[in-house]
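For the record, the sequence lines run as chains V and U. All the letters of the first sequence, read from the start, carry residue numbers 3 to 127 under this note's numbering. All the letters of the second sequence, read from the start, carry residue numbers 3 to 127 under this note's numbering.
Note that these hints are calculated values from the structure, not bench results. Some hints could be false.
Pairs count within a copy or across copies, as identical chains cannot be separated in the list.
[What the hints assert, rightly or not] Under the rule of at most 30 Å between Cα atoms (straight-line distance), these lysine-lysine pairs were calculated in the BS3-like manner:
{"id": "1", "residue 1": "K84", "residue 2": "K71"}
{"id": "2", "residue 1": "K64", "residue 2": "K84"}
{"id": "3", "residue 1": "K64", "residue 2": "K6"}
{"id": "4", "residue 1": "K71", "residue 2": "K6"}
{"id": "5", "residue 1": "K110", "residue 2": "K121"}
{"id": "6", "residue 1": "K64", "residue 2": "K110"}
{"id": "7", "residue 1": "K121", "residue 2": "K64"}
{"id": "8", "residue 1": "K110", "residue 2": "K84"}
{"id": "9", "residue 1": "K110", "residue 2": "K71"}
Protein chains: 2
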Amino acid sequence: MAFKEHLEAVVGSVDGSVACSVMGFDGIAVETLQPDARAEDVAALDLQAALVEYGNILGQLKNTAQTLKTGAVAELSVNSEKVLTIMRMVNNDYFVVLALLPDGNYGKGRYALRIAAPKLARELA
Amino acid sequence: MAFKEHLEAVVGSVDGSVACSVMGFDGIAVETLQPDARAEDVAALDLQAALVEYGNILGQLKNTAQTLKTGAVAELSVNSEKVLTIMRMVNNDYFVVLALLPDGNYGKGRYALRIAAPKLARELA
Numbered sequence: 003m004a005f006k007e008h009l010e011a012v013v014g015s016v017d018g019s020v021a022c023s024v025m026g027f028d029g030i031a032v033e034t035l036q037p038d039a040r041a042e043d044v045a046a047l048d049l050q051a052a053l054v055e056y057g058n059i060l061g062q063l064k065n066t067a068q069t070l071k072t073g074a075v076a077e078l079s080v081n082s083e084k085v086l087t088i089m090r091m092v093n094n095d096y097f098v099v100l101a102l103l104p105d106g107n108y109g110k111g112r113y114a115l116r117i118a119a120p121k122l123a124r125e126l127a
Numbered sequence: 003m004a005f006k007e008h009l010e011a012v013v014g015s016v017d018g019s020v021a022c023s024v025m026g027f028d029g030i031a032v033e034t035l036q037p038d039a040r041a042e043d044v045a046a047l048d049l050q051a052a053l054v055e056y057g058n059i060l061g062q063l064k065n066t067a068q069t070l071k072t073g074a075v076a077e078l079s080v081n082s083e084k085v086l087t088i089m090r091m092v093n094n095d096y097f098v099v100l101a102l103l104p105d106g107n108y109g110k111g112r113y114a115l116r117i118a119a120p121k122l123a124r125e126l127a
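One chain only, chain V, in its complex shape:
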């Protein structure tokens, strides 16, 4: 199991990363990486609560995708004043989430998760 290396590859390549996590739809993180840099900006965010809430929403969308005709949901992004979050489905039970500061590299973040998701899926198989 090399979850950590895959998460390190994500946060190492995306400027402004503050947390990267593989989470189950039960809201429990399998592995979380929180780069130290700019930690003081992040401490006040209570990221864990936000990620659990957003994960809930992704789970909800996963279920409604069956009734909608727009196909399976692959990615969800919730961008607030203080933090950008990008979530990508890994498999039916897990997703990967990256939290960025508002001036972080959002496009690179989406790309890094797209690359990481299938690798994480193989680890979880």
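Following the hints, position chain U against chain V.
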């Protein structure tokens, strides 16, 4: 009221646009623009149902933002196999949503909504 012009500016500048709408959090669209191009790809999507569902989720996030410490939600994006959707808050009661084909210009779409939202807010004031 010049909602339509603002929506036309969005779909005219973003490749792959299939619908752009100003909607209330009650799920009712104030104005919708559906460019004819590639309409056959889109007819099967039942976009209206998806947009109402996604709007619900944005409304839910708007309400939980008060308990989370990540600040007000400005943007939500739900990307599925067949359609990318970007939503941006206009004011407390309305949001603007852009639906794109999967190969549409996502970055340009986010930019166009960021520019359009304050203009739409002025129309709604």
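At most 30 Å between CA atoms: does that hold for K84 and K71 within a copy, between copies, both, or neither? between (33 Å within a copy, 8 Å between copies)
30 Å Cα threshold - placement of K110 relative to K64: both (24 Å within a copy, 26 Å between copies)
For K71 vs K6, is the C-alpha pair at or below 30 Å within one copy, between two copies, both, or neither? between (35 Å within a copy, 27 Å between copies)
How would you classify K64 and K6 at a CA-CA limit of 30 Å: within, between, both, or neither? within (25 Å within a copy, 32 Å between copies)
Homomeric proximity label, K121 with K64: Cα distance no greater than 30 Å: Intra 21 Å, inter 33 Å, cutoff 30 Å: intra-copy only.
At most 30 Å between alpha carbons: which applies to K110 and K84, within, between, both or neither? Both: 18 Å inside a copy, 22 Å across copies.
Since the copies are identical, ignore which copy is meant and state whether K110 and K121 lie within 30 Å (CA to CA) inside a copy, between copies, both or neither. both (17 Å within a copy, 29 Å between copies)
Intra- versus inter-subunit Cα pairing at 30 Å for K64 with K84: So K64 and K84 pass the 30 Å test inside a copy (26 Å) and across (14 Å) alike.
When no copy is named, should K110 and K71 be tagged within, between, both, or neither for a Cα gap of at most 30 Å? This pair counts as both: shortest intra-copy Cα distance 29 Å, inter-copy 25 Å.
In this structure, every one of the numbered hints holds.
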